[in-house]
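Engineer: If you want the building blocks of each chain, they are given just below.
2 protein chains.
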Amino acid sequence: MRVGCCGQGTRRVHWGSGWDVGSWPKEVKPPAPYADPSPAAPLGVPPLPGRGELRQAGAAARLSMRRESLPPRQYSLCLALPPFSSLWPGSQVAVTFLSLASRPERVCVSKVVVILGPGLVSNLMWSLWPGRVINAGKSRHNEDQACCEVVYVEGRRSVSGAPREPSRGQGLCFYYWGLFDGHAGGGAAEMASRLLHRHIREQLKDLSCWSSQKEVTHESLVIGAIENAFQLMDEQMARERRGHQVEGGCCALVVIYLLGKVYVANAGDSRAIIVRNGEIIPMSREFTPETERQRLQLLGFLKPELLGGEFTHLEFPRRVQPKELGQKMLYRDQNMTGWAYKKIELEDLRFPLVCGEGKKARVMATIGVTRGLGDHNLKVCSSTLPIKPFLSCFPEVQVYDLTQYEHCPDDVLVLGTDGLWDVTSDCEVAATVDRVLSAYEPNDPSRYTALAQALVLGARGTPRDRGWRLPNNKLGSGDDISVFIIPLGGPGSYS
Amino acid sequence: MRVGCCGQGTRRVHWGSGWDVGSWPKEVKPPAPYADPSPAAPLGVPPLPGRGELRQAGAAARLSMRRESLPPRQYSLCLALPPFSSLWPGSQVAVTFLSLASRPERVCVSKVVVILGPGLVSNLMWSLWPGRVINAGKSRHNEDQACCEVVYVEGRRSVSGAPREPSRGQGLCFYYWGLFDGHAGGGAAEMASRLLHRHIREQLKDLSCWSSQKEVTHESLVIGAIENAFQLMDEQMARERRGHQVEGGCCALVVIYLLGKVYVANAGDSRAIIVRNGEIIPMSREFTPETERQRLQLLGFLKPELLGGEFTHLEFPRRVQPKELGQKMLYRDQNMTGWAYKKIELEDLRFPLVCGEGKKARVMATIGVTRGLGDHNLKVCSSTLPIKPFLSCFPEVQVYDLTQYEHCPDDVLVLGTDGLWDVTSDCEVAATVDRVLSAYEPNDPSRYTALAQALVLGARGTPRDRGWRLPNNKLGSGDDISVFIIPLGGPGSYS
Numbered sequence: 001m002r003v004g005c006c007g008q009g010t011r012r013v014h015w016g017s018g019w020d021v022g023s024w025p026k027e028v029k030p031p032a033p034y035a036d037p038s039p040a041a042p043l044g045v046p047p048l049p050g051r052g053e054l055r056q057a058g059a060a061a062r063l064s065m066r067r068e069s070l071p072p073r074q075y076s077l078c079l080a081l082p083p084f085s086s087l088w089p090g091s092q093v094a095v096t097f098l099s100l101a102s103r104p105e106r107v108c109v110s111k112v113v114v115i116l117g118p119g120l121v122s123n124l125m126w127s128l129w130p131g132r133v134i135n136a137g138k139s140r141h142n143e144d145q146a147c148c149e150v151v152y153v154e155g156r157r158s159v160s161g162a163p164r165e166p167s168r169g170q171g172l173c174f175y176y177w178g179l180f181d182g183h184a185g186g187g188a189a190e191m192a193s194r195l196l197h198r199h200i201r202e203q204l205k206d207l208s209c210w211s212s213q214k215e216v217t218h219e220s221l222v223i224g225a226i227e228n229a230f231q232l233m234d235e236q237m238a239r240e241r242r243g244h245q246v247e248g249g250c251c252a253l254v255v256i257y258l259l260g261k262v263y264v265a266n267a268g269d270s271r272a273i274i275v276r277n278g279e280i281i282p283m284s285r286e287f288t289p290e291t292e293r294q295r296l297q298l299l300g301f302l303k304p305e306l307l308g309g310e311f312t313h314l315e316f317p318r319r320v321q322p323k324e325l326g327q328k329m330l331y332r333d334q335n336m337t338g339w340a341y342k343k344i345e346l347e348d349l350r351f352p353l354v355c356g357e358g359k360k361a362r363v364m365a366t367i368g369v370t371r372g373l374g375d376h377n378l379k380v381c382s383s384t385l386p387i388k389p390f391l392s393c394f395p396e397v398q399v400y401d402l403t404q405y406e407h408c409p410d411d412v413l414v415l416g417t418d419g420l421w422d423v424t425s426d427c428e429v430a431a432t433v434d435r436v437l438s439a440y441e442p443n444d445p446s447r448y449t450a451l452a453q454a455l456v457l458g459a460r461g462t463p464r465d466r467g468w469r470l471p472n473n474k475l476g477s478g479d480d481i482s483v484f485i486i487p488l489g490g491p492g493s494y495s
Numbered sequence: 001m002r003v004g005c006c007g008q009g010t011r012r013v014h015w016g017s018g019w020d021v022g023s024w025p026k027e028v029k030p031p032a033p034y035a036d037p038s039p040a041a042p043l044g045v046p047p048l049p050g051r052g053e054l055r056q057a058g059a060a061a062r063l064s065m066r067r068e069s070l071p072p073r074q075y076s077l078c079l080a081l082p083p084f085s086s087l088w089p090g091s092q093v094a095v096t097f098l099s100l101a102s103r104p105e106r107v108c109v110s111k112v113v114v115i116l117g118p119g120l121v122s123n124l125m126w127s128l129w130p131g132r133v134i135n136a137g138k139s140r141h142n143e144d145q146a147c148c149e150v151v152y153v154e155g156r157r158s159v160s161g162a163p164r165e166p167s168r169g170q171g172l173c174f175y176y177w178g179l180f181d182g183h184a185g186g187g188a189a190e191m192a193s194r195l196l197h198r199h200i201r202e203q204l205k206d207l208s209c210w211s212s213q214k215e216v217t218h219e220s221l222v223i224g225a226i227e228n229a230f231q232l233m234d235e236q237m238a239r240e241r242r243g244h245q246v247e248g249g250c251c252a253l254v255v256i257y258l259l260g261k262v263y264v265a266n267a268g269d270s271r272a273i274i275v276r277n278g279e280i281i282p283m284s285r286e287f288t289p290e291t292e293r294q295r296l297q298l299l300g301f302l303k304p305e306l307l308g309g310e311f312t313h314l315e316f317p318r319r320v321q322p323k324e325l326g327q328k329m330l331y332r333d334q335n336m337t338g339w340a341y342k343k344i345e346l347e348d349l350r351f352p353l354v355c356g357e358g359k360k361a362r363v364m365a366t367i368g369v370t371r372g373l374g375d376h377n378l379k380v381c382s383s384t385l386p387i388k389p390f391l392s393c394f395p396e397v398q399v400y401d402l403t404q405y406e407h408c409p410d411d412v413l414v415l416g417t418d419g420l421w422d423v424t425s426d427c428e429v430a431a432t433v434d435r436v437l438s439a440y441e442p443n444d445p446s447r448y449t450a451l452a453q454a455l456v457l458g459a460r461g462t463p464r465d466r467g468w469r470l471p472n473n474k475l476g477s478g479d480d481i482s483v484f485i486i487p488l489g490g491p492g493s494y495s
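Listed in order, the protein sequences are those of chains A and B. Here the first sequence stands for residues 1 to 495, numbered as in the numbering used here. Here the second sequence stands for residues 1 to 495, numbered as in the numbering used here.
Derived by calculation from the structure, the hints in this document are not laboratory data. Treat the hints with care, as some may be off.
What the simulated footprint calls covered on chain A by chain B, stretch by stretch (three residues with Cβ under 8 Å from a Cβ of chain B suffice, anywhere in the stretch; the number is not a length) [stated by the list, open to error]:
| id | region |
| --- | --- |
| 1 | 218 to 229 |
| 2 | 298 to 305 |
| 3 | 309 to 316 |
Note that CB positions come from ideal geometry on N, CA and C, so glycine has one too.
Sequences are here, hints too, so could you generate the full structure?
Structural biologist: This is the structure:
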């Protein structure tokens, strides 16, 4: 069922004034397969929703890919059938993904633009195939991964209280985008980019059997399915981490479009915003030692054995010195948002479970993000104390009802890893959306590509005397930068 | 230091078309004193901030009360020196508190209007004293309590890193309102109404010694002081509950005005909103089994011994039946906001830790509010299992910077117990604010009293064929109803 993937190329090409296109390296071998949580549907075209042209396009895309027998994950490619285009007949919508390391000497850019429309279906795959994939430098170091999919969900047959024999027509189709920001190795991000949507599909199988129950909405079932899928993905990583070298962990930011609603699920410090008519609508929250301080402290308080006698669950504004024993010092515990004074005791001399500020904040002096997948082997530096119990694999899911608003071609959902958001504010992103999109015709599909490029390059900065600088002379992002631009409206709605 | 209190009268008087004034019953004896967490300042007038008239008024109020040697807590009286009046010279501001049970046959109304202004200072206490205290019926059953205070905080001398010898002039003054909605007895609410502000004073003593430290703001110290004060109040209730018959528990909604900022601290299901120029600004969140489900479930998951083998931390849409063992059923755990399916096991047949919806939601099938003070003796019905470990005494504190906005006389902070909010939406409160206040001149102090009356009586409803009904024919509130109206602006700002 895998239609396209956005992976790490291995070919270095020149980074210059334009976008250099890297060809496919033939020497790379396909990796060993993971256990498939959700086997693909039988051969044949599953019933996609929407107009006939779109169904054909989806099928053509998937079948073309299969015919080519491409080795998976060996090129930088991101393919999507934009779901929102189905809302407006005749629309042409682009979905753009850009991934970029911050330094030109080791840069990785993945970009594919897919254009759907009645006149473009026939040569869709061929116009897509040879070019428009840019991959330059730093391929082995860029730990961001991405994925977009059209996923068909066949109904399950044996859920209590649901019809026993659902027909095949009860299946669902959802559209899926995932952005995975790896750390301490790229294995977790790669595994998640390949399998998370399959776990979601598996969980959503019960959805087609759903009949209205007290206080349980359809929406809350989709949210529950996504939440459980994240947990099952994490458990699979734990099981298979030795066999498949699933090193490190990753933040996961996932978008699902299903039955008129957009579900944005976030576990980590990537972020999503909608820019609608210039207005900014946050669609996710970041999960860091600072934003999750109280959850971490509560766990340390209730399960002190997890602190191994090395850490204290209390927070202090600075490291407490032995000579301060018995003196009063400001502190915060798991219940407090403010600071108060306490008398320093021996236990307070331990290292704080949560310390540091902003991007330097760390759990157990080690990791700066508190939700995500993987990290099952992560230990405190120079210790055997595991950090995973303090990390949560559960996403927070926000829902946006696409049918509640009129959208124009300039309304977009922007997903980005922290490489973007560390140096770019929401307002700056909205300003870039306005500036770039207004320079193109509404039906010019390259406008979204240009927007993604502008955001990524804007976050990277330009070389000056002392490093790569932003226009305000601050340092550009030193992290990998990946951006998805998902248009919410199409020109069809204005014709 | 106690200036006024809003207690339970004991005299039944007629409830008719007007407000009947109850006289003071002489036979009531003062209760035994609690341990004072924060002894009053030495005799003499502490330096109140603001204009001379207000300082005199504050001093006059406290001294007059002391001279009268009134037995505490034996009349319905609520006195406040409105802090916000000090922002506008010559202002006249009313602070109104109304408490009312929902049924006329057992009604308790406490109302005092205090008017402050240059021309009114001399006869302030005397115009206040004999009348304007209304107390009718249901006194022994109304479990709401209230308090407002002007509290002087003298600086402490021995905080590490702070000046060793602060002068007396480093003291602070804060203004205080507290609303306490008791349950399972009135003891906790009464104790909190008498002592919580003293705990806050004690905690704020360190504040006057504060010097700027990394990442610790003045505001976060005030919040920390309030949080710690709630905890200490709760611990004192636990210590003294036998000696003083501190039965039951209470929700606590507290407002503090200090150095230009309004701090709203809430532990329970009372609520506060600001109505500013018609706009509604929520200043608190409710803490109920529904809003705190995940916190409760997490505790049950991490400390299963607290469930005593009687409860499961999982939630199901309905009670699971033994015959459903092995079947699939929807559930939610501590990490989930959505619902997913699981196979029913033996442990799932236990009663859910959190069950029910809306006002019927309960923790351990017993209590419908999850934060507050007291409840140290609360047990699961027909069991020795304590519920207190699942209840939090910590408030959530929200801050409103009064200096950031221009306020007009129609801008008010509305505090109410759930008796008000169960049947009145924020929009209805805002509409009542507009309707009532616009019927009065901006400088007419009775406008706020009328507003409080309108809100309380509106929530109670009027008698019809089948019970007390609201205008929309729904049932009026069956709970005690207490409301504070605190004006944020005064006419002085428009002269």
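Engineer: Give a verdict on every hint.
Structural biologist: Okay, the hints, checked on the actual structure:
1. With 10 residues bearing a CB less than 8 Å from a CB of chain B, the region 218 to 229 of chain A meets the requirement of three and the coverage assertion stands.
2. Look at the region 298 to 305 of chain A against chain B: 4 of its residues bring a Cβ nearer than 8 Å to a Cβ of that chain, three or more, so the hint holds.
3. Judged by the Cβ-Cβ criterion of 8 Å, the region 309 to 316 of chain A is not covered by chain B as claimed, because only 0 of its residues qualify and three are needed.
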